[in-house]
Amino acid sequence: MNIVRRRPRATAGFSFVRDRETGGEPPTSPDLLSWVEDNTLRRLDRGKYVPLDRPDPLVRSTISIAFSHDGRYFASTHGDHSVKVFRYPSGEQIACLDGHPRTPWTVRFHPKDSSILASGCLGCECRVWDVSQGECIRKHTFASSISCVSFNPDGSLLAITSGSNLLLWNYMEAAPNNSRSTSSAIDDIRGPGVPRKLLGGVNPFHMVDFHPSGTMLMTGEKNRSPPPPTGAPSNQEEQFTLKLVIHRFDRRIVKKFDDPVLEVPRAVAYNDAGIHFSPCGTMLAACIPVHEHSDSFKIAVMSLVKRNQIKIGTVMYETALDRGHVTALTNLKFSSTSHHLLAGFSFRPKNPVLRGHAEHYDQTAGRGADGGMRRPNQVGVVDIYNVSEKFEMIRSLRADMDLTEGQEGGAEDEINVAVFAPVFGIADGVVYGTQKGRIRMFQQATGADMKAEPCGESHADSCSSSAWTGSTATTWSSHRAPYVVPPISRRQRLRNTLVREQAPSGDYRDTTPGSNPVQLR
Numbered sequence: 000m001n002i003v004r005r006r007p008r009a010t011a012g013f014s015f016v017r018d019r020e021t022g023g024e025p026p027t028s029p030d031l032l033s034w035v036e037d038n039t040l041r042r043l044d045r046g047k048y049v050p051l052d053r054p055d056p057l058v059r060s061t062i063s064i065a066f067s068h069d070g071r072y073f074a075s076t077h078g079d080h081s082v083k084v085f086r087y088p089s090g091e092q093i094a095c096l097d098g099h100p101r102t103p104w105t106v107r108f109h110p111k112d113s114s115i116l117a118s119g120c121l122g123c124e125c126r127v128w129d130v131s132q133g134e135c136i137r138k139h140t141f142a143s144s145i146s147c148v149s150f151n152p153d154g155s156l157l158a159i160t161s162g163s164n165l166l167l168w169n170y171m172e173a174a175p176n177n178s179r180s181t182s183s184a185i186d187d188i189r190g191p192g193v194p195r196k197l198l199g200g201v202n203p204f205h206m207v208d209f210h211p212s213g214t215m216l217m218t219g220e221k222n223r224s225p226p227p228p229t230g231a232p233s234n235q236e237e238q239f240t241l242k243l244v245i246h247r248f249d250r251r252i253v254k255k256f257d258d259p260v261l262e263v264p265r266a267v268a269y270n271d272a273g274i275h276f277s278p279c280g281t282m283l284a285a286c287i288p289v290h291e292h293s294d295s296f297k298i299a300v301m302s303l304v305k306r307n308q309i310k311i312g313t314v315m316y317e318t319a320l321d322r323g324h325v326t327a328l329t330n331l332k333f334s335s336t337s338h339h340l341l342a343g344f345s346f347r348p349k350n351p352v353l354r355g356h357a358e359h360y361d362q363t364a365g366r367g368a369d370g371g372m373r374r375p376n377q378v379g380v381v382d383i384y385n386v387s388e389k390f391e392m393i394r395s396l397r398a399d400m401d402l403t404e405g406q407e408g409g410a411e412d413e414i415n416v417a418v419f420a421p422v423f424g425i426a427d428g429v430v431y432g433t434q435k436g437r438i439r440m441f442q443q444a445t446g447a448d449m450k451a452e453p454c455g456e457s458h459a460d461s462c463s464s465s466a467w468t469g470s471t472a473t474t475w476s477s478h479r480a481p482y483v484v485p486p487i488s489r490r491q492r493l494r495n496t497l498v499r500e501q502a503p504s505g506d507y508r509d510t511t512p513g514s515n516p517v518q519l520r
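Residue numbers (numbering that gives the first Met the number 0): 0 to 520.
Hints are all accurate, no fakes.
List of simulated lysine-lysine pairs, DSSO-like, C-alpha gap at most 27 Å:
1) K349 with K435
2) K297 with K389
3) K196 with K221
4) K111 with K138
In short, the hints are calculated from the structure, not lab data.
All chains, full assembly: derive it from the sequences and hints.
Here it is as C-alpha cells:
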C-alpha cells in the first residue's frame, strides 16, 4: 500500500506568524504586520449573522457600529432606540442599553477605556454609558437631532454635531441642574460640564471627527443642492454630498476656525462612516469628484502631510466608481495598519448595478445537478482595497440577491455601516450592519470556507482574490488568468516603502534614513 505524505500547509506557517505578531509583545515589524493583515483579509470567510436579543423586524435597522480600542467589544445602534454591545470575536451580545427617546444615529467607544461609550440620537439627546454596569452616567439634551459624536484622543472631550452647530462637551464634569446648551460664544471648554458651541454652520452638520493626533478636527456640512449639470436628465437625482473642512484644534487656545488645514468642497457621505482619517494620521479617505465640476466620482486617498512635491490634500491613490456604486456608497474605513481600505455599499432595488446582475442571471438554471437549489446570485457589498500605487481590490464580501419572480431584484443586505475589526494592531475581520437590522461578521476562513472566490465584476482598475493550497498562494484577477506566487512575495510596502511613526504633538516622523520630521501644522 502506498503511503501518501501530505505536504505542510502554508496556512500553518501563516498562522504561526500571525499569532506571533498579534499576540504577546507589540510587533516590531510594520511590514510584516501589513503582510499578516493582507493575508487575513484575503482569507475572510463567507460571514455569519450575529444573534440579537430581539427578532430582526423589532430591531428594524442597524445604523452605526464602533469597536473598542482593544478590539474586544463592538457596539451598534438600532431603530428600536437601543445601543447593543457585543464581544469580539464570539459575537455574543453582553448588553442592551435602552433609554434614547428616538433612534441613536451615532456611537463611539472611549479611545482608552472600553467600558465607556457615547451615543447620540435623533431625539436630541447624547448619552455616555458605563457598559460594565449597563448604566447611563451622563446625558444632555441639545436643541437639534444629533448626527455624530467623536472623542478626542485622550477621551476627555466629546465633539458633537447637533443640527447646524458643532459643540464640545467636557462630559467628565457634572453639569448644573436644568442646564442646556444655549451659549453662542466660544467659551472655555474645560467645564463645568455644559456643552459649549464651537462652530455654527449655514446647513446641518452630518459628521465630526478628531484627527488621531488631536491637533485637527474635521467637520462635514451638508451642501445645498446645486442645479443639475448641463445636459443631465431632468429626473436625475442630485448626489448628496458634504463640504469637508479640517480645522486646527488646540484645547488650550480655543479660537474661531478661520485658517483651515484643508477644504474638500464635495464628498459623497451621509455621516462619519463615509470619511475616515487613517490611524497613522497621514491620509484621508473620501469619495470626491473626478475633477472640480465633474458629476463623476472616485474613491480617493489624500495626503495630510507635506513632503517634497506632495501637498496636503494631494490625491495619492484613487479608483473611479460608476454611477451605481456612487449612489450606493455608505462607507469608507481604513484598517488598523492604514494599509487597507474598505468601501461599503447599500444597493436599492432600482440601482443599475443590481439590474445588471439580474439581467445576467439565468433563473431557468435554478437547480443544480443533484436537484438541489443552486447558490443564490450574489452582489459585492463590501470591497477591500490595498492602499498602494495599484490600489487593487483584494477581496469583495458578498450578499445574496432576492430574485423572487415578480419582485424587483435587491440585495438581501443593504449596508448601512461596515468596519474593520481591530485586533492587536491589524484588521482581523469585517463587521457590517444592514437596513433590516442584522449584523454580519466576516472572520478568518478555516476548513471548507478556505475555498477562494474571485471578486466578480469590477468597478475599479483591477480586482483580485487569493487562497492557499499546499505551500503556495493562488491569486485571481479580473483581467488576468490565475497565477501562483510564493506567500512571502505578497508582502506590501505602503507609500513607496515609507513607514511613518507617530510622534508626540502631532508630528509624524519618516523612518527612511536621512529624512526629516514631517509637520502636520
